[in-house]
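Colleague: Sequence:
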Amino acid sequence: MTDFRGTGRIRKAWNTSIQFFRQFRTQDSKGINQQPSAAVQATSTTTAATNYKKPIILAGGIIAILAAVGIGGIQYVKANTNDYYHLYMNGTEVGTVGSPLEVGALLEQKTSEAQQETPDIPIMVESGQLTYTSTSAYKGSPDTQQTLAKLEGLLTTHAVGVEVKVNGKVIGIVKSQAAADAVLARVQSKYAPEEKTEKDSTKVRALAFSPEEEKADENTPKAGKELTDVAFVEKVETDAVSTSPSDIVSDNDMYKLLVEGTIKPTKYTVQQGDCVGCIAQKFDISPQVIYKNNKGIEDDMIKVGDVLDLTVRQPELSVRTTENLTEIVTIDPPTEVQKNDDMRVGESKLISAGVSGSKSLTYKIVKENGYLISEELVDQQVIKEAVPTVMMKGTKVILGEGTGLFSAPVSGYSVSSTFGTRWGRLHKGIDMTGGKTITAADNGVVIFAGTKNGYGNVVIIDHKNGYETLYGHLDSISVSVGDILEKGDTLGIMGNTGRSYGVHLHFEIHKDGELQNPLKYL
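To convert, note that position 315 of the sequence shown is 315 in our numbering; the numbers rise steadily by one, no gaps.
Do not take every clue at face value.
As the list claims (entries may be wrong) - Restricting the straight-line Cα-Cα distance to at most 25 Å, the calculated cross-link-like pairs of lysine-lysine (DSS-like) are:
no., residue 1, residue 2
1, K256, K169
2, K359, K396
3, K396, K487
4, K364, K190
5, K139, K190
By construction, these hints were calculated from the structure, which means they are not laboratory data.
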């Protein structure tokens with residue numbers, strides 16, 4: 001609103017001019033009513049004309065004066081009229097200020113002061129909704145200082161943080177979204193395996209190394225790990241929130257909350273029918289936790305009554321990783337057998353040695369928090385074919401010929417006396433006890449069946465390959481000289497004949513006439 005003051009002088013000048021014109025018009029009307037003489041009329045006419053011009057000139061001057069006074073008054077009013085603003089907070093008037101910039105300066109000052117108290121935590125000054133309306137008044141002035149002081153008392157400050165939630169549960173608040181992202185990335189990197197690939201060994205290549213061979217070498221799978229996916233098992237959310245600086249935790253503390261969580265101590269007594277996998281499934285934990293906490297478990301052996309420590313940390317956040325693991329394994333050369341009817345059974349001859357090959361095996365490995373969840377073979381490629389070993393084996397059968405491989409002549413045996421010198425005398429074989437039925441230790445022909453001094457009832461078998469076996473102290477003999485026996489055929493019953501001190505079998509092995517320790521062959 002503009003208030004115009006000091007206009008009384010203009011109005012007064014205007015009223016004076018009006019009165020002057022009224023007087024002039026009155027005098028003129030009186031002169032018209034009188035009838036002067038001719039001479040007088042001529043003189044009067046000239047005088048009247050002159051008198052008539054005077055008020056016109058006077059009126060024009062007055063108007064000019066009035067215009068000058070009016071323009072000067074307007075300029076005076078304009079020069080003394082001030083613009084300023086009404087300030088409102090949330091629709092309620094706070095006061096008047098000279099400029100919105102003064103309010104902005106106050107807000108910046110309060111924000112800077114609050115930020116200095118907690119430099120690492122974002123601080124926001126809450127001012128609500130500030131609006132302005134402009135106004136102007138003659139010689140008017142805003143109450144800026146009073147208004148800013150009042151506004152300062154209405155301002156509030158609070159910290160701005162980012163809330164981290166797992167499956168809807170608030171774990172904590174960090175200072176910024178960047179801090180939250182960094183912590184979550186750190187949690188993932190804890191369980192994400194490093195990718196490793198075997199370095200190509202330096203190879204000396206021939207001058208004739210072909211481009212095709214080089215291309216094949218480039219396509220050869222390399223051993224190593226390839227991380228294909230990293231993801232959180234739980235639903236993770238981050239939201240900006242207003243909070244107190246004391247409620248904001250450091251990045252390290254947030255990391256520990258997510259990774260370590262709380263500890264749930266648990267003891268379990270093994271029951272009938274339990275196994276490591278069964279217990280792990282029952283308590284919804286990984287078998288690796290059981291092995292880690294109970295070092296005494298070997299080959300999955302646990303006993304009823306064993307107390308197992310199943311204590312496991314309960315992290316707030318679980319990381320599932322998927323990786324492709326490629327291994328290079330050796331392919332053993334297969335054996336190709338060529339039969340030879342002129343060679344005896346048991347004889348063999350190497351024709352050509354085999355060469356090992358290699359192949360790549362790629363597994364899809366899924367882990368949660370570093371523990372194996374599943375393993376699946378997804379690909380295999382032969383890198384180098386194996387070259388088979390070629391053997392020639394005989395098929396010619398000679399009755400009574402031994403294989404050179406001996407089996408025990410007594411079932412469920414135990415050795416009561418070993419081979420060697422005892423009491424100053426050589427014990428030529430071993431004494432065996434166990435099952436009473438005595439069997440041939442290998443294929444052969446009976447060359448003696450009867451009694452011998454010191455041996456009592458005895459059987460001797462020639463295996464036609466340089467070996468002979470002797471079976472002494474028999475209670476009875478069930479074979480005769482010339483009989484052809486196969487390994488495992490019955491030849492008699494264990495006894496206590498000859499120079500013997502209890503029921504047992506005396507067993508000897510001779511090779512090319514030389515005594516052998518039977519225990520080396522059984």
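Colleague: Are the Cα atoms of K139 and K190 separated by 25 Å or less?
Modeller: violated, 72 Å
Colleague: Given the hint that K256 pairs with K169, test it: the Cα-Cα distance must not exceed 25 Å.
Modeller: holds, 16 Å
Colleague: Hint check: K396 vs K487, CA-CA at most 25 Å. Holds or violated?
Modeller: Distance ~18 Å between K396 and K487 Cα, so the pair holds.
Colleague: With the threshold set at 25 Å, check whether the alpha-carbon distance from K364 to K190 stays at or below it.
Modeller: holds, 20 Å
Colleague: Take the C-alpha atoms of K359 and K396, compute the straight-line distance between them, and say whether it is at most 25 Å.
Modeller: violated, 39 Å
Going down the numbered hints, you'll see the structure goes against 2 and 5, while the others check out.
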